[in-house]
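> The whole structure should be built from the sequences, with the hints applied where relevant.
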Amino acid sequence: MPAKLEVLAAFEVFLSCDEDVILARQRIRALAQDVGFGALDQTRIVTAASELARNVVVHGGQGSVRAERLAPRPGVRLAFADQGPGIADPERALEGGNSTIGSMGLGLSGARRLMDEFALDTAPGRGTTVTVVKWLP
Amino acid sequence: MNEVTVLKTGDDLIVPIQVELHDRAARKLQENILVRIEATGARGLVIDVSAVAIVDSFLGRLLVETARMAALMGTATVLVGLRKEVVMTLIQLGLTIAELHTALNLEDGLALLQRLKGGDGEDRQAGPHAGEA
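Residue numbers (the numbering used here), protein chains in the order written: chain A, 2 to 138; chain B, 527 to 659.
Careful: at least some of the hints might be erroneous.
[What the hints assert, rightly or not] Mimicking SDA-like on lysine to any residue, the simulated pairs with C-alpha atoms at most 25 Å apart in a straight line are:
#: 1; chain 1: B; residue 1: K610; chain 2: A; residue 2: R30
#: 2; chain 1: B; residue 1: K554; chain 2: A; residue 2: A40
#: 3; chain 1: B; residue 1: K534; chain 2: B; residue 2: M595
#: 4; chain 1: B; residue 1: K610; chain 2: B; residue 2: Q556
#: 5; chain 1: B; residue 1: K554; chain 2: A; residue 2: Q63
#: 6; chain 1: B; residue 1: K554; chain 2: A; residue 2: L24
#: 7; chain 1: B; residue 1: K610; chain 2: A; residue 2: W136
#: 8; chain 1: B; residue 1: K610; chain 2: A; residue 2: A31
#: 9; chain 1: B; residue 1: K610; chain 2: A; residue 2: D117
#: 10; chain 1: B; residue 1: K554; chain 2: A; residue 2: E20
#: 11; chain 1: B; residue 1: K610; chain 2: B; residue 2: E564
#: 12; chain 1: B; residue 1: K610; chain 2: A; residue 2: R114
#: 13; chain 1: B; residue 1: K610; chain 2: A; residue 2: L24
#: 14; chain 1: B; residue 1: K610; chain 2: A; residue 2: D35
#: 15; chain 1: B; residue 1: K610; chain 2: A; residue 2: L137
#: 16; chain 1: B; residue 1: K610; chain 2: B; residue 2: I540
#: 17; chain 1: B; residue 1: K554; chain 2: A; residue 2: Q27
#: 18; chain 1: B; residue 1: K610; chain 2: A; residue 2: Q63
#: 19; chain 1: B; residue 1: K610; chain 2: B; residue 2: G644
#: 20; chain 1: B; residue 1: K554; chain 2: A; residue 2: D117
#: 21; chain 1: B; residue 1: K534; chain 2: B; residue 2: R553
#: 22; chain 1: B; residue 1: K554; chain 2: A; residue 2: I23
#: 23; chain 1: B; residue 1: K610; chain 2: B; residue 2: L598
#: 24; chain 1: B; residue 1: K610; chain 2: A; residue 2: Q27
#: 25; chain 1: B; residue 1: K610; chain 2: A; residue 2: G76
#: 26; chain 1: B; residue 1: K554; chain 2: A; residue 2: H60
#: 27; chain 1: B; residue 1: K610; chain 2: A; residue 2: I23
#: 28; chain 1: B; residue 1: K610; chain 2: A; residue 2: R28
#: 29; chain 1: B; residue 1: K610; chain 2: A; residue 2: A40
#: 30; chain 1: B; residue 1: K554; chain 2: A; residue 2: S17
#: 31; chain 1: B; residue 1: K610; chain 2: A; residue 2: G37
#: 32; chain 1: B; residue 1: K554; chain 2: A; residue 2: D21
#: 33; chain 1: B; residue 1: K554; chain 2: A; residue 2: C18
#: 34; chain 1: B; residue 1: K610; chain 2: A; residue 2: S17
#: 35; chain 1: B; residue 1: K554; chain 2: B; residue 2: R641
Read the hints as simulated data drawn from the structure, not as lab findings.
Encoded structure:
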């Protein structure tokens with residue numbers, strides 16, 4: 002049984018426009034640096050965050066990301082939440098290549114590939130929350 | 527908002543992206559590039575992303591699209607300076623940039639551009655009139 006996860010530090014960034022996405026990326030990169038991730042993992046984490054933050058703004062209208070520093074196993078957890086229309090067919094959305102805004106639909110599937118853990122909680126009319134985790138190697 | 531400068535040298539345009547672009551700014555840059563191509567009749571375009579820490583699916587797709595648009599205006603595009611972390615992330619993300627001409631750095635990119643402008647794009651030994659710069 003692994004030790005119970007603790008949240009050592011956390012912050013939240015409100016997401017409603019392109020500039021908010023950049024701010025979230027910058028703050029998440031700083032967190033990843035603090036945790037000790039190398040350049041490649043920082044790039045993976047921030048790229049995934051960029052995809053998911055854009056989804057919040059474009060599909061959800063607005064929402065937020067909560068970023069947490071985890072212990073005792075060092076890692077970062079990011080939870081992107083919006084109160085938008087939700088996703089009617091999550092499995093299809095995760096296949097990639099299916100986008101309603103013409104971005105090649107790589108947002109969700111790409112973020113899942115770049116991170117270690119991925120959870121999608123959504124239903125039509127109930128908004129969308131995507132939670133991803135990257136563990137320090 | 528910081529603007530990205532579009533430099534002109536000979537019949538080439540050079541676009542060094544030095545700021546972190548959000549989506550709207552990236553679209554604006556794409557438009558600015560096309561405006562400059564039209565105004566200058568540039569035959570070559572180099573986009574330098576060596577200072578860009580993140581290329582996500584939006585920016586990646588926009589860069590591919592920009593090269594395609596430039597091609598329709600008779601302008602060859604070379605993307606230079608992709609960082610190794612960015613390259614590895616792009617591949618993992620699943621983005622296809624195969625149709626883009628790329629080079630390691632600005633110098634190599636300009637050399638490639640001369641060849642692209644000089645021949646049919648695949649000709650390794652561009653003639654003496656290549657580019658006519």
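> Could you run down the list of hints and mark each one as holding or not?
These are the hints, each one checked on the structure:
no. : hint               : result
1   : B:K610 with A:R30  : holds (17 Å)
2   : B:K554 with A:A40  : violated (29 Å)
3   : B:K534 with B:M595 : holds (18 Å)
4   : B:K610 with B:Q556 : holds (24 Å)
5   : B:K554 with A:Q63  : holds (22 Å)
6   : B:K554 with A:L24  : holds (19 Å)
7   : B:K610 with A:W136 : holds (21 Å)
8   : B:K610 with A:A31  : holds (20 Å)
9   : B:K610 with A:D117 : holds (20 Å)
10  : B:K554 with A:E20  : holds (14 Å)
11  : B:K610 with B:E564 : violated (33 Å)
12  : B:K610 with A:R114 : holds (18 Å)
13  : B:K610 with A:L24  : holds (24 Å)
14  : B:K610 with A:D35  : holds (22 Å)
15  : B:K610 with A:L137 : holds (20 Å)
16  : B:K610 with B:I540 : holds (21 Å)
17  : B:K554 with A:Q27  : holds (21 Å)
18  : B:K610 with A:Q63  : violated (33 Å)
19  : B:K610 with B:G644 : violated (29 Å)
20  : B:K554 with A:D117 : violated (34 Å)
21  : B:K534 with B:R553 : holds (20 Å)
22  : B:K554 with A:I23  : holds (16 Å)
23  : B:K610 with B:L598 : violated (30 Å)
24  : B:K610 with A:Q27  : holds (20 Å)
25  : B:K610 with A:G76  : holds (23 Å)
26  : B:K554 with A:H60  : holds (21 Å)
27  : B:K610 with A:I23  : holds (21 Å)
28  : B:K610 with A:R28  : holds (22 Å)
29  : B:K610 with A:A40  : holds (10 Å)
30  : B:K554 with A:S17  : holds (19 Å)
31  : B:K610 with A:G37  : holds (19 Å)
32  : B:K554 with A:D21  : holds (18 Å)
33  : B:K554 with A:C18  : holds (16 Å)
34  : B:K610 with A:S17  : violated (31 Å)
35  : B:K554 with B:R641 : violated (29 Å)
Hints 2, 11, 18, 19, 20, 23, 34 and 35 from the list above are not met by this structure, while the remaining hints are.
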